[in-house]
Amino acid sequence: MSGLNKYIETLNKLDFSKMYQNDFFLTWEKTDDELKAVFTVADALRHLREQNVSTKIFDSGLGISIFRDNSTRTRFSFASACNLLGLEVQDLDEGKSQIAHGETVRETANMVSFMADVVGIRDDMYIGKGNAYMHEVSEAVQEGNKEGVLEQRPTLVNLQCDIDHPTQAMADALALVHHFGGIENMKGKKIAMTWAYSPSYGKPLSVPQGIIGLMTRFGMDVVLAHPEGYEVMPEVEEVAKKNAAASGGSFKKVNSMAEAFKDADVVYPKSWAPFAAMEKRTNLYGENDFDGIKVLEKELLAQNANHKDWECTEELMKTTKDGKALYMHCLPADITGVSCKEGEVAASVFDRYRTPLYKEASYKPYIIAAMIFLAKVKDPQKTLAALEARGLERWMQK
Amino acid sequence: MSGLNKYIETLNKLDFSKMYQNDFFLTWEKTDDELKAVFTVADALRHLREQNVSTKIFDSGLGISIFRDNSTRTRFSFASACNLLGLEVQDLDEGKSQIAHGETVRETANMVSFMADVVGIRDDMYIGKGNAYMHEVSEAVQEGNKEGVLEQRPTLVNLQCDIDHPTQAMADALALVHHFGGIENMKGKKIAMTWAYSPSYGKPLSVPQGIIGLMTRFGMDVVLAHPEGYEVMPEVEEVAKKNAAASGGSFKKVNSMAEAFKDADVVYPKSWAPFAAMEKRTNLYGENDFDGIKVLEKELLAQNANHKDWECTEELMKTTKDGKALYMHCLPADITGVSCKEGEVAASVFDRYRTPLYKEASYKPYIIAAMIFLAKVKDPQKTLAALEARGLERWMQK
Amino acid sequence: MSGLNKYIETLNKLDFSKMYQNDFFLTWEKTDDELKAVFTVADALRHLREQNVSTKIFDSGLGISIFRDNSTRTRFSFASACNLLGLEVQDLDEGKSQIAHGETVRETANMVSFMADVVGIRDDMYIGKGNAYMHEVSEAVQEGNKEGVLEQRPTLVNLQCDIDHPTQAMADALALVHHFGGIENMKGKKIAMTWAYSPSYGKPLSVPQGIIGLMTRFGMDVVLAHPEGYEVMPEVEEVAKKNAAASGGSFKKVNSMAEAFKDADVVYPKSWAPFAAMEKRTNLYGENDFDGIKVLEKELLAQNANHKDWECTEELMKTTKDGKALYMHCLPADITGVSCKEGEVAASVFDRYRTPLYKEASYKPYIIAAMIFLAKVKDPQKTLAALEARGLERWMQK
Chain S
11 MSGLNKYIET LNKLDFSKMY QNDFFLTWEK TDDELKAVFT VADALRHLRE QNVSTKIFDS
71 GLGISIFRDN STRTRFSFAS ACNLLGLEVQ DLDEGKSQIA HGETVRETAN MVSFMADVVG
131 IRDDMYIGKG NAYMHEVSEA VQEGNKEGVL EQRPTLVNLQ CDIDHPTQAM ADALALVHHF
191 GGIENMKGKK IAMTWAYSPS YGKPLSVPQG IIGLMTRFGM DVVLAHPEGY EVMPEVEEVA
251 KKNAAASGGS FKKVNSMAEA FKDADVVYPK SWAPFAAMEK RTNLYGENDF DGIKVLEKEL
311 LAQNANHKDW ECTEELMKTT KDGKALYMHC LPADITGVSC KEGEVAASVF DRYRTPLYKE
371 ASYKPYIIAA MIFLAKVKDP QKTLAALEAR GLERWMQK
Chain B
11 MSGLNKYIET LNKLDFSKMY QNDFFLTWEK TDDELKAVFT VADALRHLRE QNVSTKIFDS
71 GLGISIFRDN STRTRFSFAS ACNLLGLEVQ DLDEGKSQIA HGETVRETAN MVSFMADVVG
131 IRDDMYIGKG NAYMHEVSEA VQEGNKEGVL EQRPTLVNLQ CDIDHPTQAM ADALALVHHF
191 GGIENMKGKK IAMTWAYSPS YGKPLSVPQG IIGLMTRFGM DVVLAHPEGY EVMPEVEEVA
251 KKNAAASGGS FKKVNSMAEA FKDADVVYPK SWAPFAAMEK RTNLYGENDF DGIKVLEKEL
311 LAQNANHKDW ECTEELMKTT KDGKALYMHC LPADITGVSC KEGEVAASVF DRYRTPLYKE
371 ASYKPYIIAA MIFLAKVKDP QKTLAALEAR GLERWMQK
Chain G
11 MSGLNKYIET LNKLDFSKMY QNDFFLTWEK TDDELKAVFT VADALRHLRE QNVSTKIFDS
71 GLGISIFRDN STRTRFSFAS ACNLLGLEVQ DLDEGKSQIA HGETVRETAN MVSFMADVVG
131 IRDDMYIGKG NAYMHEVSEA VQEGNKEGVL EQRPTLVNLQ CDIDHPTQAM ADALALVHHF
191 GGIENMKGKK IAMTWAYSPS YGKPLSVPQG IIGLMTRFGM DVVLAHPEGY EVMPEVEEVA
251 KKNAAASGGS FKKVNSMAEA FKDADVVYPK SWAPFAAMEK RTNLYGENDF DGIKVLEKEL
311 LAQNANHKDW ECTEELMKTT KDGKALYMHC LPADITGVSC KEGEVAASVF DRYRTPLYKE
371 ASYKPYIIAA MIFLAKVKDP QKTLAALEAR GLERWMQK
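Residue numbers (the working numbering), protein chains in the order written: chain S, 11 to 408; chain B, 11 to 408; chain G, 11 to 408.
There's no promise every hint is true.
One copy or any two copies: either way a pair holds, since identical chains are not told apart in the list.
List time: in silico DSBU-like cross-link candidates among lysine-lysine, alpha-carbon distance up to 30 Å [said to hold, decoys possible]:
1) Lys28 / Lys408
2) Lys408 / Lys23
3) Lys28 / Lys46
4) Lys290 / Lys351
5) Lys156 / Lys369
6) Lys392 / Lys66
7) Lys308 / Lys23
8) Lys334 / Lys392
9) Lys369 / Lys334
10) Lys388 / Lys304
11) Lys66 / Lys156
12) Lys213 / Lys156
13) Lys331 / Lys197
14) Lys351 / Lys16
15) Lys328 / Lys262
16) Lys334 / Lys304
In short, the hints are calculated from the structure, not lab data.
Could you build all of it, start to finish, from the sequences and the hints given here?
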């Protein structure tokens, strides 16, 4: 079996019917089959593109991007995914105050969606807000569609919220599927999701949360390591525990980078802010207490500085499985002596893993495209086959 | 008769030949037949999209948007309309100073239009400037086209100027056509275009002017209500009077919201700034008199505050025809107790009309697309039929 | 012979095989045949568009634009070129600091290029930096392509660097080809590339350098005129000398506008900053010496003011060949009494040449499209013929 059929055969064995006309918020709201369907469609779309077959399922239509934070990587990944499927991206750049209220969310969501087939939102800054905002938008456009305001129901894709970063975690997971040669081979592999020192503060929690919430699905031995005081959201730890129990993997918390790295097959050292501090900051913003925010920032930087030894060094890498663990990062990394004086990772380690890191990132546009595809296409297998049969060249040259 | 034929039959009875290769500035520069053609093509394009038929008449080409003001709704409507017809939007974000002079307008207009099939402009801030600027741009690109600089003549669409807001008023009118079940049923219906209190000041006059200048075309009884001192442009009042006389409708001015609402079939309560004050502000800007502008702002806010009783309340709504007038607004509205302490409309009134309000807005992309279509297509009936015959799916799914 | 065949026949006689899957940095890195191929494909694409034939060779794909400077003309030209070939433009708007370091360039270049078929960069501010940055980006994406990160190799198009402005110079040259009725007729024609006074300072050197580096290729008599102290990069003067020797033209430097204009067939009066001053400014920026920069700015403005007599007046124009030299400019020009009190050109001169100036600019989108086309298409002749045979309408109307 080869070519596109391989992917179609895989899809035939999975049940993902509930993804049609639905949203993608958190990976743990999706079944194993649904996650596998995303991986499979992502690979299938990449396969078709490599064969120079156009995968445009839309002849016109908009993909709305709402980024309540600066972003280059995710923005281009979303734009690439939309373009791959035939949607034109329109950015909504309203100030935060303008889209803060319930009434306004509902209204704006409808006003920008008359021709929107998908809405991608990144809103990871404030604990308790981002995911809730996405649900508000989704409900608003669903209601708009039911009431005849919108002729189609725009699909919502979570491009990073306060709880999860599903497009990142799924892209990372697909990179691991390919690294280990199949999703079944992830079972029993050890992944160390560990905190690392960074001279900046306030990095989002959604990546470590996304990783422990997703990698525990595949029977991996997931270790979360961080200094005391850098706890992630307790609810997500609970999710990881339950996942591990169900998948036959494990989830463990340690306060030592060395312990996490020991015999690991994969390491993911990355800075983040303590959940409790981010919650505090959210409240300070809510109260417009800018002096309080400044004080908090100073405290957090000082707290970070106590843990400069949390760096992914060559020495630590040697303690991993055969000294050859895969080093992962969502990028950009704080590289010691390159992007900062002291950072998350030694320059020589980062340098050795550059190509795998870039490949890891390269899955994201396809993951996003697959999420959209599965939400927009009633029979994905037949549609993939139809795209191949249509045989429209993506790049015409004689 | 059903489907697309209905629209083609309607178009067959209308004369709109002068719209081809032309611009759309003010509704009162267009004949009744031309306005009806816009309504009909808007409905036909919506019909085709609902049937999943692609309406792309352009395989490549640009739609240039020039917004000399922030705008979400109109920006997305223009982007949607362009996308629907196959044009890619490019925003021109020059500072105001850069495009202020005659020489520069002519040059910039040509420089951005080499591949432009349409130019959409919103410039509503300064009395006596916006519409004039649009004409400058239009003349520049027409000359460019004649001289062989531009291979096509970009169509200009007025996305809001100091005089009229034709895409808004036409979308509102099409909403009414559907509300009353036909353009002929608008005859004799009473519409109250009334001022309402808002805690902000300087809201454009183009909406009330657009409404009185357009709704008087269909034999409606149009009442313009505002406190003394909130006069709109006298020229537009003259237009409304003439229109009413010609269409068998009426145009009346009152200084009481209650009188305007009495037995109205439609109410449109909305804040705006006095014409004379906006004229003064334009002059102050021209003189760079920023202290003068601040003084004027304070005066205007104080003046507004004298009229907080101009609010669309439940009590007033009860006095309308059967207590069931259609409440209209161009959005966003200042909702009492929601978006501001005291505003244009009571929360319960707004809430009850949310769906019709969103639907009202949903006509705008199609109205803009129809304006472009009629300017770009020699035989719209044949082209609509050809689009249906081509049968290209907008959204391909098996 | 007529229509498209004319261009195909011309291409058949040229060798431009090395342009395939390659970049376009500097015109003097390209052979005469390669430059002629760009002209010919530009004309062929324009011809097809005039015949309403779609020239989209991409069904999806992105064109990334990186502008480290504000730009309207070049931005719209690049967007137009991408659109003409079927690519959607995505702008990368990172702050300068973010893309300053080697590691970051490599990473960002890959992160934005997963679906990128072309990357257009404008970076003309700092001497010794812009061109080098473009090479870094090109090498990064080539490596990314080799390593399997990127499925295609994005072509780099230099939209203006510190050394050359190839899309401008090539568009200017194509305007001259048409002005003189053939590239062979440029031989022996005198072009005066002269400095002119402007009340602003720090205008890039890339235009004069691009012009003397390119026009010397066609056997023209190129005269570079500027006041003492306004020298361009010595390396580029060397290029011009060598080109002139090889093409049978000439390259001469003078310190008098009058001498340059005397009997010229073409004049190109335009302000620029002295190379040495720009080099100094680059160093000051490198040292974050903002006080030093302010001092330098004052010095430069004072230096400029010594040469207000360097203006393209009617008197000077009369001294050109038959008093009818073609006046060229990359736009926008500083027009005396129009855009400034005293400037580069008299208003009456500029006014008389407006149409040729706009036409000159109109070649740029096609030049950029041709550069992309030749980099992306293995057999351009066959592909052009296939586009004509496909006969897809750009603008469908009945």
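Now the hints, each set against the structure:
{"no.": "1", "hint": "Lys28 / Lys408", "in the structure": "between (42 Å within a copy, 16 Å between copies)"}
{"no.": "2", "hint": "Lys408 / Lys23", "in the structure": "between (39 Å within a copy, 18 Å between copies)"}
{"no.": "3", "hint": "Lys28 / Lys46", "in the structure": "within (14 Å within a copy, 44 Å between copies)"}
{"no.": "4", "hint": "Lys290 / Lys351", "in the structure": "both (29 Å within a copy, 29 Å between copies)"}
{"no.": "5", "hint": "Lys156 / Lys369", "in the structure": "between (41 Å within a copy, 12 Å between copies)"}
{"no.": "6", "hint": "Lys392 / Lys66", "in the structure": "both (14 Å within a copy, 25 Å between copies)"}
{"no.": "7", "hint": "Lys308 / Lys23", "in the structure": "neither (53 Å within a copy, 69 Å between copies)"}
{"no.": "8", "hint": "Lys334 / Lys392", "in the structure": "neither (41 Å within a copy, 50 Å between copies)"}
{"no.": "9", "hint": "Lys369 / Lys334", "in the structure": "within (17 Å within a copy, 59 Å between copies)"}
{"no.": "10", "hint": "Lys388 / Lys304", "in the structure": "neither (51 Å within a copy, 58 Å between copies)"}
{"no.": "11", "hint": "Lys66 / Lys156", "in the structure": "both (26 Å within a copy, 26 Å between copies)"}
{"no.": "12", "hint": "Lys213 / Lys156", "in the structure": "neither (38 Å within a copy, 33 Å between copies)"}
{"no.": "13", "hint": "Lys331 / Lys197", "in the structure": "within (15 Å within a copy, 70 Å between copies)"}
{"no.": "14", "hint": "Lys351 / Lys16", "in the structure": "neither (48 Å within a copy, 61 Å between copies)"}
{"no.": "15", "hint": "Lys328 / Lys262", "in the structure": "within (21 Å within a copy, 65 Å between copies)"}
{"no.": "16", "hint": "Lys334 / Lys304", "in the structure": "neither (41 Å within a copy, 53 Å between copies)"}
When held up to the earlier numbered hints, the structure conflicts with 7, 8, 10, 12, 14, 16 and fits the remainder.
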